[in-house]
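Take the sequences, apply the hints, and build the full model.
2 protein chains.
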Amino acid sequence: MKLYYSPGSCALASHIALEESGTDYEAIRIDFGSAQQKSPEFLEVNPKGRVPALVTERGILTETPAILFYLVQSFPAVNMAPLDDPFALAEAQSFNSYLCATVHVAHAHRGRGERWAYEESSFEDMRKKVPESVSACFQLIEDTLIEGPWVLGDTYSMCDPYLYTVARWMEGDGVDINRFPKVKAQFDAIEARPAAARAIEAHFEGV
Amino acid sequence: MKLYYSPGSCALASHIALEESGTDYEAIRIDFGSAQQKSPEFLEVNPKGRVPALVTERGILTETPAILFYLVQSFPAVNMAPLDDPFALAEAQSFNSYLCATVHVAHAHRGRGERWAYEESSFEDMRKKVPESVSACFQLIEDTLIEGPWVLGDTYSMCDPYLYTVARWMEGDGVDINRFPKVKAQFDAIEARPAAARAIEAHFEGV
Chain R
437 MKLYYSPGSC ALASHIALEE SGTDYEAIRI DFGSAQQKSP EFLEVNPKGR VPALVTERGI
497 LTETPAILFY LVQSFPAVNM APLDDPFALA EAQSFNSYLC ATVHVAHAHR GRGERWAYEE
557 SSFEDMRKKV PESVSACFQL IEDTLIEGPW VLGDTYSMCD PYLYTVARWM EGDGVDINRF
617 PKVKAQFDAI EARPAAARAI EAHFEGV
Chain A
437 MKLYYSPGSC ALASHIALEE SGTDYEAIRI DFGSAQQKSP EFLEVNPKGR VPALVTERGI
497 LTETPAILFY LVQSFPAVNM APLDDPFALA EAQSFNSYLC ATVHVAHAHR GRGERWAYEE
557 SSFEDMRKKV PESVSACFQL IEDTLIEGPW VLGDTYSMCD PYLYTVARWM EGDGVDINRF
617 PKVKAQFDAI EARPAAARAI EAHFEGV
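Top to bottom, those sequences are chains R and A.
Those letters in the first sequence? Residues 437 to 643, by our numbering.
Those letters in the second sequence? Residues 437 to 643, by our numbering.
Rather than coming from a laboratory, the hints here were simulated on the basis of the structure.
Model, not experiment: these values are computed from the prediction.
Be aware that one or more of the hints could be misleading.
When chains are identical, the list treats them as one kind, so a pair holds in a single copy or across two.
Calculated lysine to any residue pairs in the SDA-like style (CA-CA distance at most 20 Å, straight line) [claimed, not checked]:
#	residue 1	residue 2
1	LYS484	GLU578
2	LYS438	ARG486
3	LYS484	ARG465
4	LYS438	GLY495
5	LYS618	PHE478
6	LYS618	PRO483
7	LYS474	ASN515
8	LYS564	TRP586
9	LYS620	GLU462
10	LYS565	GLU637
11	LYS484	GLU583
12	LYS484	ALA572
13	LYS438	PRO483
14	LYS620	GLY584
15	LYS565	TYR554
16	LYS565	ARG551
17	LYS474	GLN575
18	LYS620	ARG548
19	LYS438	GLY584
20	LYS565	GLY547
21	LYS618	PRO443
Written out as structure tokens, the structure is:
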């Protein structure tokens with residue numbers, strides 16, 4: 437498999453999950469600095485002009501929750517989702533949906549305001565709100581969503597690298613992760629996993 | 437099961453899927469006009485203060501992609517997802533992730549700007565951009581995502597009531613659905629399904 441990514445983007449979650457899976461894969465860096473994600477070559481891979489994109493033998497997958505779910509289905513022995521328990525699996529999907537539809541979106545208003553407005557004054561106003569909206573998301577995660585020590589409780593799952601990935605954005609968003617003890621403990625626990633640490637190092641190499 | 441919904445919200449997708457499933461369920465309307473979704477009673481059901489929320493015998497599920505996936509797993513005979521094909525199932529999840537993280541979010545900038553900014557001038561700027569951003573989403577769906585006649589091709593799936601639900605917002609967003617022939621044909625085909633038509637009628641009753 438091939439993973440297209442940009443350092444620090446939400447593609448980090450898939451990068452970690454691939455490394456955890458133990459499979460052979462190639463990680464291909466896309467340079468956002470030169471807008472490579474909007475190049476004709478990359479738009480052939482992903483017409484959305486975004487990362488991640490996962491090239492599989494069956495075709496190309498996009499959207500982090502779907503890539504993570506595909507990886508856990510493809511490597512069930514890695515046990516990164518409760519595949520035999522429909523309710524628990526739906527809870528995991530719910531968590532990842534919240535990250536992509538609410539937490540990632542709150543964060544994106546810091547640097548991607550042009551997706552949703554035209555004026556610099558609006559972008560500035562959006563940036564001002566990010567610490568508040570991102571804090572509210574992590575407060576909800578801390579209070580009601582994360583079981584601890586991992587997102588789903590005692591078992592590491594596909595939700596964990598994704599939460600870690602969006603939690604990395606908090607510092608730049610002006611939010612102190614130490615306000616959220618369960619999130620912080622999960623964050624540190626991810627970095628202590630050898631496979632995750634390898635993926636993180638490769639992901640940010642030379643950045 | 438019990439579904440908490442507000443008329444015209446993304447909960448319509450779950451409402452249709454429940455009716456398609458053939459199961460007994462109760463649909464409970466939440467009055468956004470009086471901010472019932474922020475009431476202490478409802479925050480006990482869903483701390484996010486949003487709909488949909490699905491009460492099951494195992495607990496409460498939120499987030500449309502997760503609820504839809506739970507329903508298709510619970511009623512496999514209804515055949516609303518390719519449960520035996522990991523890649524096809526991931527593609528379905530990818531489609532629903534795009535709807536929740538990008539299409540719904542683009543639309544929400546018309547009426548929910550206070551989630552991401554403070555100033556009325558920003559909300560007005562956001563509202564101006566909605567026709568452009570929502571159009572771009574549906575152009576991508578038309579050109580690259582919807583197979584036709586249904587989202588995944590010949591088989592009706594959990595992606596269809598969700599696409600129908602967000603496509604209903606286009607008119608209010610200032611986008612003509614007729615610009616997107618596959619989306620329009622899918623929209624009409626949904627309304628021709630007896631179960632979907634029953635759900636839509638009940639959903640909007642008295643509105």
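Here is what the structure says about each hint:
1. In this assembly of identical chains, the alpha carbons of LYS484 and GLU578 lie at most 20 Å apart only when taken from different copies (13 Å versus 32 Å within one copy).
2. When the C-alpha separation of LYS438 and ARG486 is checked against a cutoff of 20 Å, the pair qualifies only within one copy, where the shortest distance is 15 Å, while the shortest distance between copies is 37 Å.
3. In this homomeric assembly, LYS484 and ARG465 come within 20 Å of each other (Cα to Cα) only inside a single copy, at 17 Å, whereas the closest approach across copies is 36 Å.
4. For the homomeric pair LYS438 and GLY495, the shortest alpha-carbon distance inside one copy (11 Å) is at most 20 Å, but the shortest distance between copies (38 Å) is not.
5. Proximity of LYS618 and PHE478 under a CA criterion of 20 Å is satisfied in neither setting, with 38 Å inside one chain copy and 25 Å between copies.
6. For the homomeric pair LYS618 and PRO483, the shortest alpha-carbon distance between copies (18 Å) is at most 20 Å, but the shortest distance inside one copy (37 Å) is not.
7. In this assembly of identical chains, LYS474 and ASN515 lie within 20 Å of each other by CA distance neither inside one copy nor across copies; the values are 35 Å within and 37 Å between.
8. With identical chains, the CA atoms of LYS564 and TRP586 are never at most 20 Å apart, being 31 Å at best within one copy and 42 Å at best between copies.
9. Taking the shortest alpha-carbon separations for LYS620 and GLU462, neither the intra-copy value of 30 Å nor the inter-copy value of 39 Å comes in at or below 20 Å.
10. In this assembly of identical chains, LYS565 and GLU637 lie within 20 Å of each other by CA distance neither inside one copy nor across copies; the values are 31 Å within and 39 Å between.
11. For the homomeric pair LYS484 and GLU583, the shortest alpha-carbon distance between copies (17 Å) is at most 20 Å, but the shortest distance inside one copy (34 Å) is not.
12. Taking identical chains as interchangeable, the C-alpha atoms of LYS484 and ALA572 lie at most 20 Å apart only when they sit on different chains, with a minimum of 10 Å there against 29 Å within one chain.
13. When the C-alpha separation of LYS438 and PRO483 is checked against a cutoff of 20 Å, the pair qualifies only within one copy, where the shortest distance is 17 Å, while the shortest distance between copies is 38 Å.
14. Proximity of LYS620 to GLY584 under the C-alpha cut-off of 20 Å is restricted to the intra-copy arrangement: shortest distance 10 Å within a copy versus 45 Å between copies.
15. For the identical chains of this complex, LYS565 and TYR554 are neighbours both inside a copy (17 Å) and across copies (7 Å), given an alpha-carbon limit of 20 Å.
16. Taking the closest pair of Cα atoms, LYS565 and ARG551 come within 20 Å of each other both inside a single copy (16 Å) and across two copies (8 Å).
17. In this homomeric assembly, LYS474 and GLN575 come within 20 Å of each other (Cα to Cα) only across copies, at 16 Å, whereas the closest approach inside a single copy is 35 Å.
18. Taking CA atoms no more than 20 Å apart as the test, LYS620 paired with ARG548 passes in neither setting, with 26 Å inside one copy and 30 Å between copies.
19. Taking the closest pair of Cα atoms, LYS438 and GLY584 never come within 20 Å of each other, the shortest separation being 32 Å inside a single copy and 28 Å across copies.
20. With identical chains, the CA atoms of LYS565 and GLY547 are at most 20 Å apart both within one copy (12 Å) and between copies (17 Å).
21. In this assembly of identical chains, the alpha carbons of LYS618 and PRO443 never lie at most 20 Å apart, being 25 Å within a copy and 36 Å across copies at closest.
The structure fails to meet hints 5, 7, 8, 9, 10, 18, 19 and 21 from the earlier list, while all remaining hints are met.
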